[in-house]
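All chains should be modelled from the sequences, with the hints used to inform the complete structure.
Number of protein chains: 2
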Amino acid sequence: MTRISFEKLAQDGKARLGVIKTPRGDIRTPAFMPVGTAATVKAMLPQSVRETGADILLGNTYHLMLRPTAERIDRLGGLHKFMNWDRPILTDSGGFQVMSLSGLRKLTERGVTFKSHIDGSKHEITPERSMEIQKLLGSDIVMCFDECPALPADRDRIASSMRMSMRWAERSREAFGDRPGHALFGIQQGGLEQDFREESAEALKDIGFDGYAVGGLAVGEGQDAMFDVLDFAPDMLPEDKPRYLMGVGKPDDIVGAVARGIDMMDCVLPSRSGRTGQVFTRHGVLNIKNARHMDDPRPLDENCGCPACRNYSRAYLHHVFRSQEIISSMLLTWHNLHYFQDLMSGMRDAIAQGSFAAWQADFHAARAGGDLEPL
Amino acid sequence: MTRISFEKLAQDGKARLGVIKTPRGDIRTPAFMPVGTAATVKAMLPQSVRETGADILLGNTYHLMLRPTAERIDRLGGLHKFMNWDRPILTDSGGFQVMSLSGLRKLTERGVTFKSHIDGSKHEITPERSMEIQKLLGSDIVMCFDECPALPADRDRIASSMRMSMRWAERSREAFGDRPGHALFGIQQGGLEQDFREESAEALKDIGFDGYAVGGLAVGEGQDAMFDVLDFAPDMLPEDKPRYLMGVGKPDDIVGAVARGIDMMDCVLPSRSGRTGQVFTRHGVLNIKNARHMDDPRPLDENCGCPACRNYSRAYLHHVFRSQEIISSMLLTWHNLHYFQDLMSGMRDAIAQGSFAAWQADFHAARAGGDLEPL
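Read top to bottom, the protein sequences are chains B and Z. Residues in the first sequence are numbered consecutively from 5, following our numbering. Residues in the second sequence are numbered consecutively from 5, following our numbering.
Hints listed in this document are in silico derivations from the structure and should not be mistaken for laboratory results. Any given hint could turn out to be false.
Pairs involving identical chains hold if they fit within one copy or between any two copies, as the list cannot separate such chains.
[Claimed, not checked] Calculated cross-link-like contacts (lysine to aspartate or glutamate; reagent style DMTMM-like; alpha-carbon spacing at most 20 Å): (1) Lys85 with Glu75; (2) Lys85 with Asp299; (3) Lys85 with Asp300; (4) Lys25 with Asp160; (5) Lys85 with Glu11; (6) Lys85 with Glu206.
Set out below in structure tokens:
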């Protein structure tokens, strides 16, 4: 089977245009990955997710190992077949969500034990078990098992956590083995500290990975602090491999990350916001539940080509949101995912043309000039 | 504008094959109308409803008059545009749902006053107001405003209620006026009493309508009692007009009604059941939440062409139902609506070929031989 490869096609400032080639199809970068936590991108059929322009989905190891279990998905032919998505899937390692969702965690050098948020049952994830689960799922891009402290944290805590994650990265690499057609990504840690980020990057490069994530950001530190780290952290990672910023983010976070050399991102924001009535547009965020939309015959965005904008008024979307109709989640999620993919497509075109700085200026100007509700 | 017309194309026993021609498209009969209560067939996009084979939807006057209001829908261009469904829509009169859903009702010869189940606000529906609301919505097939008692009820109550509904039918006809391209249907009442059904049918024929509904059934009387009434009630209605049985029903109710000369039906059952995990198949009902489906790689029905059956295992559908994912409602509703439309299509073909009795025998045999969970 073909190995997964990354080709950089153009660069404009630090912004990179590229393509990740996989046996399941190409991933155009910069790429935004919709999140399909429990083997579904909530409120969307997979073909609709594809129609928004997504080349790859993210699946959550933590959720899937608990229900329906990785072993069951394997018996049923793997995650792609199970959820009817034949293009690439990246799975996280489970570590982050053990920390944020489960109860009664115990962290040791060996790994982490925890209780399921669904039924309280006890489970363990080690680097070796995370690799096994992600293999059972059939993930195309596998993430190293890591650990990161909530910020702010003191330097000692950040350093010891980062160093354990680097030992776990080595164990993950060892356990992953050689799997043509599947990639393993390392995850840089080190909080906001430049020296620890450097130490982490060197450790990962010594091990050697198919791609490198910037981890431990978007955990409450704020956009300024995140951008400060992104001003130096991606440059520490190999030029010829994809760089993935985990769990990001709002449209302006995404644009700022791409400007700093990030190639891949994922976030639940477009889908979660779709269910709560927050709509992303070129002009900013619109809250469909507001009474101002009750009689408005206009689409969410007259220049958007998604089904919600082509076929429905704001008044209709307001009505079905207020009536708690499922079609509200379906249409608003579709719109938001479409918007996020349009954003990526716009950036890719701009980088190809060497006009990324002008594109960025237009992006910020359009949002400043809008009459929409702030997030 | 063309008038709405009905043409009977074939008859087999009492079962009728026909077509209702409207400016918004043909309605093939026997027809099943999915219910789009609040301007959406729950969990479905309109184009998906159309793909199941539906020629016409039902909208609920009671719900729409309360939210978003008929006047608002009119200002926004009518219900078809509002909900993005350009084919025919039949609206009920609001009467039945005032009785079943609203609070503090007061019924007089003039009409009914009630409090909204949404916000407690006070409203009135009279025959004249019901015609006005249905006109504002832009309904293609308008129903007379009527009233019916819950069964069992004594003969005096049934007779006085039926006679008031007949006076309301005359007021509805008068208020509706002459609207080419739009049809008005009368509603036969009279409970389970053959003499009152006859009296009601005569009163309606004297007034003259574009179609005739059999009302006041499927309100708890049971299938045997309903079929007893359907053995005589449809025959009392004009041969050359469509006959509509309101609020029916389960697949075997539908088949039995068609066998007795009914042309149109509506019911929330396929969509509501889709949300609660009940799946209709040729072999009977399957409850997707049962643990027996957890590892089952088979589709719901190997002969069904809907997206749920083409693309997903029972194991997946079980998983997303248990995980309370929206895609569960989307896929199961789609399957159920597809099954109901397949049922109608099968009956239409059988009537055309003069083989309806054999088709009915096959229908019952397939259900008897299944290994599925009873409803």
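Inset, instruction - First find the shortest C-alpha distance between lysine 85 and glutamate 206 inside one copy, then the shortest across copies, and answer within, between, both or neither for a cut-off of 20 Å. - result: neither (38 Å within a copy, 60 Å between copies)
Legend entry - lysine 85 and aspartate 300: within-copy, between-copy, both or neither at 20 Å Cα: Intra 42 Å, inter 14 Å, cutoff 20 Å: inter-copy only.
Inset, instruction - Go through the copies and call it for lysine 25 and aspartate 160: within, between, both or neither, with a Cα cutoff of 20 Å. - result: neither (40 Å within a copy, 78 Å between copies)
Inset, instruction - With 20 Å as the alpha-carbon cut-off, assign the pair lysine 85 and glutamate 75 to within, between, both or neither. - result: within (14 Å within a copy, 48 Å between copies)
Inset, instruction - State whether the alpha carbon distance between lysine 85 and glutamate 11 is at most 20 Å within one copy, between copies, both, or neither. - result: Answer is neither: 28 Å inside a copy and 47 Å across each miss the 20 Å cutoff.
Inset, instruction - Please work out whether the CA atoms of lysine 85 and aspartate 299 approach to 20 Å or closer within one copy, between two copies, in both situations, or in neither? - result: This pair counts as between: shortest inter-copy Cα distance 14 Å, intra-copy 43 Å.
Violated hints, in rising order: 4, 5, 6; the structure is consistent with all others.
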